[in-house]
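**Q** Protein chains in written order, with the working numbering: chain U, 1 to 335; chain V, 1001 to 1374; chain X, 2001 to 2260; chain G, 3001 to 3447; chain H, 4001 to 4277.
One or more of the hints may lead you astray.
To be verified - Dumping the calculated DSSO-like pairs for lysine-lysine here, alpha-carbon to alpha-carbon at most 27 angstroms:
1) X/Lys-2227 / H/Lys-4120
2) X/Lys-2169 / X/Lys-2215
3) G/Lys-3296 / G/Lys-3447
4) H/Lys-4120 / U/Lys-214
5) V/Lys-1266 / V/Lys-1140
6) G/Lys-3296 / X/Lys-2129
What the hints assert, rightly or not - Here are the simulated distance ranges between beta carbons:
7) V/Glu-1240 / G/Ile-3141: 44 to 52 angstroms
8) V/Asn-1236 / U/Gly-63: 17 to 25 angstroms
9) G/Ile-3141 / V/Asn-1172: 27 to 35 angstroms
10) X/Asp-2006 / H/Ala-4256: 37 to 45 angstroms
11) V/Glu-1240 / U/Leu-79: 51 to 59 angstroms
12) G/Arg-3033 / V/Thr-1044: 48 to 56 angstroms
13) G/Lys-3196 / U/Leu-79: 37 to 45 angstroms
14) G/Ile-3141 / X/Ile-2059: 36 to 44 angstroms
15) G/Gly-3261 / V/Asp-1307: 28 to 36 angstroms
16) X/Thr-2138 / G/Lys-3196: 43 to 51 angstroms
17) X/Arg-2197 / G/Lys-3196: 40 to 48 angstroms
18) G/Leu-3106 / V/Gln-1031: 55 to 63 angstroms
19) H/Gly-4226 / X/Ile-2059: 49 to 57 angstroms
If you are wondering where the hints come from, they were derived from the structure by calculation, not from laboratory data. Glycine is no exception: its CB is placed at the ideal position from the N, C-alpha and C atoms.
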Amino acid sequence: MDILNALVAFLNFVFIPAAAYGAQLALGALGVTLIYGILRFSNFAHGDTMAFGTAITILVTWGLQALGISLGPLPTALLALPVGIAATALLVLATDRAVYRFYRVQKAAPIILVMASVGVMFLMNGLTRLLIGVDEQRFADGERFVINVRDFKAMTGLAEGLALKTTQLLTLVIAILVVWALFWFLNRTKSGKAMRAYSDNEDLALLSGIDPEKVVRLTWIIAAALATIAGVLYGLDKAFKPFNYFQILLPIFAAAIVGGLGNPLGAIAGGFVVAFSEVAITYPWLKIAGYLFPGWQPDGLLQLLGTEYKFAVSFVILIVVLLFKPTGLFRGKSV
Amino acid sequence: EDIKLGISLGFTGPLESMAPAMAKGAEMAMQEVNDSGLLMDGTTVVAVQGDSTCADAAAATATVERLITAEGVKGIVGGMCSGETIASLENVAKANGIVMISPSATSPALTTIEDNGLFFRTSPSDARQGEVMADIVLEKGINSVAVTYTNNDYGKGLADSFQAAFEEKGGNVTVNSAHDDGKADYSAEVAALAAAGGDALVVAGYVDQGGSGVVRAALDTGAFETFVFPDGMVGNAVVENFGDEIEGSFGQNPAAEGEGRETYLKMAEEAGFDGSGAFSAEAYDAAALILLAMAAADSSDPAVYKDKVMDVANEPGEKIMPGQLAKALEIINGGGDVDYVGAAAVELVEPGETAGTFREVSFEGGEMKVIGYR
Amino acid sequence: MIKVEDLHRHFGGFRAVDGASLTIETGSITGLIGPNGAGKSTLFNVIAGVLPPTSGRVIMDGQDITGLPPHQLFHKGLLRTFQLAHEFASMTVRENLMMVPGQQTGETIWNTWFQRGRIEREEAELRRKADEVLDFLTISHLTHEKAGNLSGGQKKLLELGRTMMVDAKIVFLDEVGAGVNRTLLGTIADAILRLNRERGYTFCVIEHDMDFIGKLCDPVIVMAEGKVLAKGSAADIMQNEEVIEAYLGTGLKNKDMVGA
Amino acid sequence: MSTNRQATAHSPWRAPILFAALALLFVLEGTVRNSMFSGSWNTSLAILNMGLISAITALGVNMQWGYAGLFNVGVVGFLALGGLAPVLVAMPPVEGGWSAGGPRVLLSLAVGLGTLALATQLWRRMGKGRLRGLAVTGVLILGFFVYRGLFDPAVTAIEANNPARHGNLGGLGMPVMLSWVVGGAFAAAAAWAVGKVALGLRSDYLAIATLGIGEIIVAVLKNEDWLARGVKNVVSIPRPVPYEIDLQQNPAFVEFATRWGFSATEASGIWVKICYMSLFLVVLLVLILLAELALKSPWGRMMRAIRDNETAAEAMGKNVTARHLQVFVLGSAVIGMAGAMMITQDGLMAPVGYNPLRYTFLIWVMVIVGGSGNNWGSVLGAVLIWFLWIKAEVWGPALIGVLTAPLPDGGLKEHLLDSSAHMRFIAMGLVLLLVLRFAPRGLVPEK
Amino acid sequence: MSDQDQAFGNRGNRDASVVNPHGRGTIDGTRRSGSTGPGRAGDPFLIGEAMSGGYGRGPDILHDCTIAVEKGQIAVIVGPNGAGKSTAMKAIFGMLNLRQGSVRLNGRDITALNPQDRVKAGMGFVPQVHNIFPSMTVEENLEMGAFIRNDDIRQTLEQVYDLFPAVAEKRRQAAGELSGGQRQQVAVGRALMTRPQVLMLDEPTAGVSPIVMDELFDRIIAIARGGLPVLMVEQNAQQAMMIADKAYVLVQGANAHTGTGKELMANDEVRRTFLGG
Ligand SMILES: Nc1ncnc2c1ncn2[C@@H]1O[C@H](COP(=O)(O)OP(=O)(O)OP(=O)(O)O)[C@@H](O)[C@H]1O
Ligand SMILES: Nc1ncnc2c1ncn2[C@@H]1O[C@H](COP(=O)(O)OP(=O)(O)OP(=O)(O)O)[C@@H](O)[C@H]1O
Ligand SMILES: [Mg+2]
Ligand SMILES: [Mg+2]
């Protein structure tokens, strides 16, 4: 029995990738959930907002790289991030002004806002492509690994290697920081409470002297920041390609719903549930079983289901979880 | 007289990043012909683009319908993905008797489809490449591989034919599983591949799609160090993406001896685009074939020139490389025979698809090196 | 008619209903009063099948109905109104009434295609009945108004009207009086009395307006902190020291400042 | 409450005028040839036919959303499931496919379903406690292994049967129109299963369940080769209408065409499309008739009541969960039917094509733009949006051509012209936003 | 439960996954304030004079309706359901577009101000429905009442808790979980937190038990006598009339009777038709 190797294999192929992916989903879901919670609609344009923010950040990163500015072991993109956030914030504020505000004033049925966000999604989709094209772009630099497989093996002498990428670590750390900050902001600061109050009862918020437009602006700015951060981290870890940012919308929504829409903690939990169930259920346990029970030679891969069903699996798990825990992982704002 | 040629590719949708370089390739062939002024006494060719979306059969059909019935194109370079190609072929092209030459639809279904002699393709059949790839892998002394394929007819067909050939020749495929393009994350796929093990990973995907994603994740987790790349993966992008990380990996893509593809790459560079993108060369060939067939038939009527496509593509005749379209037209106008080889080694076999010669490449020192042809 | 046996309903650690036992006699108009948060609405919701009880039983006519869903209770003749009116806002007042009766032929989708004639006849009958009810409630001028446009009191009347579309056995009324003009409340009280006398409905009424309770109810049950505190005639209850202390109070303390 | 505000009476002419305008668009597309329109009846009718199929899909979604407020984000799955029907019903049987493992596959599926049924029964019947959990888990695990034990070899055998051309079970060789009903039944069955689990619980379960079922169905179609060849696609699905080639070779038809001043090729295309159009129109009109009959009767009143206020409807004796299940199943059946019709028209089953953007979101856009809750609105929205979606391919780049005309030649202009394909998205987005802006409750709002 | 049903009362989209069902407002929060003008000589502290107007583009609800309250006094509005009492309150608070008439506060004409700015100008309002933040705790609800204040609010908070001990017990609980009467208490508490210059209450005692109602009236009297004018709508007309310095009977959006509470109680016809006595 070789527990160490089994553990390392598990960490390397299941735990670390799933955790990083989960954090990426969580950051995306956080933005979706925030808009949902405060502006009361599901924003389908979020994926493309992420893409736009990332595209701007990439352009700035290239500029910085050309100037020879770098952050040492960390990716230069982190330096460009504030610019990306600012540009994205401007864009979403402009969108709000041009599109959503009208329906807010009209008090149109919320589904109209959802559909308007689909329209905005199409627009941003095209805009990003006009801006940076449809190709894959890479902009990661700095140290790629905190620890890589070869070094790890040399260091420990184990048969299995362990890799931890800078971007993975960065994603996890930032995700935790951002969630903490958002939580603190919403529950402890006056502006945060104003946002929650607005979300609960718009008229009464107004009657308490809260300026609704300010709340809306703040929400969009935070959402833009979340989207850009999520998009850039995802792009750093994988690669940037506008089309993928649309595709990631689906797991993001799944994560947000599972965690309980409108609940920041839920978004985090949802992200990890989706990520871990995708990786763990479809993981062939053959190798790990081989370490744990050296004598056993099964002929299959000990894989519960093929990876082609990974997304389906995560949905089934979600539904089962919800069936047995009907309030959701965290109580979301729903009927 | 102006002749219109349709280019129906997925400019939006899952393979949107491949489409522009393909369209550029096709247009380059037309430009070359126009510049020569030799096609049917100086007839010029105009390209009309249509967006087939790759994924949506209905939209593709509508696009091709427009190209044919409204724009009046005399032939079509396209479609891009097999499903969409079949739909537009069956419902529109056949009904209107228009020739379609697809640069990238590789489904075996297209081999057997009732096409009235209207459909051709310049990409090699999956079966042939699978065989070639199996040979190459075995010759490298690798007996056990894992296979991942992009979950469409191209990937699936290639992976299956490779597995069949490889196992027949004594190799062992530890796992043969799909990855979907455009997904957010490939950790699960790579974890499964790694668990199954193998000395190398065969990636039957697209370089600017999930294929790269899988390779990335496999490298990062140290799951595989050697990769085998078929045509969808061989391009400059793979070098740009992975540099010397894929040291020792190898692959193959269709190209004939005689530097057809090298020439093409150079021409593309001069025209300002990346000719090494997947199926860009094949698109150039598709357009060239249509035009040469027209010249040979001395007619732009598809019902007439469709019978000439095989003639100009195959022996006997003078071998035609990329950039030599003017020469080919001269020969044809002079009553001679040509054998179009082009950038992707076009050699059409019944019922109108390329048999394909492949060049073998390997990745060393962060560069792609051509090792040989087979 | 209704017997509640040692009913508990807890929210987390909080015992909203904490071992309440009571009976509602057939043919009575039973009042249910108690301080805010005493658990009256919660008790209602448990009886009406909206909330599942933590423990305890509800028995109707000797039959255990604990935890049955509301729509089944409806068919057993148990109806309820809501503390905040639950009208079907986008439907007309008449439609609000016509949708009430169960087992309509036209509510089966199959029949809407193949039983047009029968549906027509049933509809005519329903329309007649609805108009009758509207007359009874003196709101027939609102027949074609959208229910969402009614004022608060009119909505309450409509709620009451719905219970008259079918032969209810027992009707639970949750604060019909809150926010209703006192003159109109008189009309409602009359309507309730008539239903009770003429149609033999049993009522259970939650209300904070003691005039209303006094005029209508016998007996009156007082709840406090999830338990039954007292039961008796309205007059007795209003003299009960405990009830006065917990619920009724002794009137304005600052009377001297009034009109100063 | 102010959402009623814009419900102010609409002219009764509104719908007819809009439909006339839409018809005019198609006539223009068929007759006028300029940079906006193609001037080809073939194109025009092709767009119309797909628009009609979209209309039927939208009708199904509208039943679920407009009548009952059920949010189905798995439209793509039900469409795809419906699309399976033509393959299984109309394709000729595959030689050797059935004998290779057909019965075993069916048996294993029965075992799988039986296991689930047994597990649910156990869960219901047994008292709470650890024993119940153990028993149910045991049954599930055992069932899973028996199922896989039967299923895997059967599938391997079937897929090994001439994989390049077949490798699947094949169909029954029955008339393809029959598959439209079967497609509806498939989707209905799936909807019933989903609804049983997710309806009546917290409402966002339905969203996630439908999102999931959509993904699952498409994944199954992609990966279960024995069923419909997976990503290798099934082609040449029989048609219910004549083939153009046959018409072109039919002298009577050629003569007929020339009499009308069309070339045989053109006329054959038009004729085939008119045939399809008639079939689709009949289905659409029958569905609308049934839907309107139901909607304008006590059933419809009950549905509106439930949508208005579930709590009150429940208290008024309406079984909300059962009604929701009913409309959900009916709506899904209609969607499934549309899916089968679409595959019939395409003549091709290509599961890779089922992506949610096109088959879920776009359908939703159609329903909302048309006016949710209104059947005619859905039809109008569907045909219009589909028309625009197709025309955006041309209009988008045209737009950018106009916009960039004043720019000086150079890198920027070239870049923009090069990326003009993406104007398709921008144009679509603009159209959507404009419609929503000027008719937020839809073009033909619910009365 | 009820708050959500209300907000979504009229459409099928009750599905929480698409849209958050919490209260969408009815007020246009984007409206900008106009400028204020001078008041008129001899004005009461707050007066809505000759107001006419309705909701959106609908018909007029108010017809030449006048409501006023003096410093240190209590003014009560009564009338049948649907008479326009709440509408009049909203009109005074700027939540309605007035077609005619003006609103003046403390010697200034504030007709053009938007509701937010009226809050800042010192007006406090408890609406009839939707008057709490359901998912925020009781304490947070009260804090939101003090949103525009920058001073220490702890003392006021304690005062409110003293006034409503039942609510004090539940200060960490979400307000949406409270019983009907408890919510009402939170709502009034919220308005008191504002420390307004004038307090407007729409049926503050609906659904509260008699003992709490008495407490509440006591408190209102105390507040008024402390100099803070109170304008309220009441259906518990008899008690309300006892404490009213000025009472208005509204019928169909117009002033039908005006007088002191005692005068109106003495008027038989008024008592029978409107006060239910
Ligand atoms: N969902 C819930 N979660 C937690 N506590 C709750 C919930 N619903 C009610 N409660 C608590 O249960 C108690 C009883 O509430 P209930 O609504 O039954 O009171 P009530 O007697 O109807 O009062 P009122 O006369 O004010 O309407 C209250 O203290 C309330 O705070
Ligand atoms: N948001 C609104 N839009 C349109 N009409 C409204 C709106 N709110 C109220 N109304 C109408 O205005 C009239 C007056 O309503 P209001 O709420 O002012 O009555 P009220 O006197 O407060 O009645 P109650 O005692 O029942 O609260 C009613 O006819 C009502 O239907
Ligand atoms: Mg209550
Ligand atoms: Mg009112």
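**Q** Just pull the numbers of the violated hints for me, sorted ascending.
**A** Failing hints, ascending: 1, 5, 10, 11, 12 and 13.
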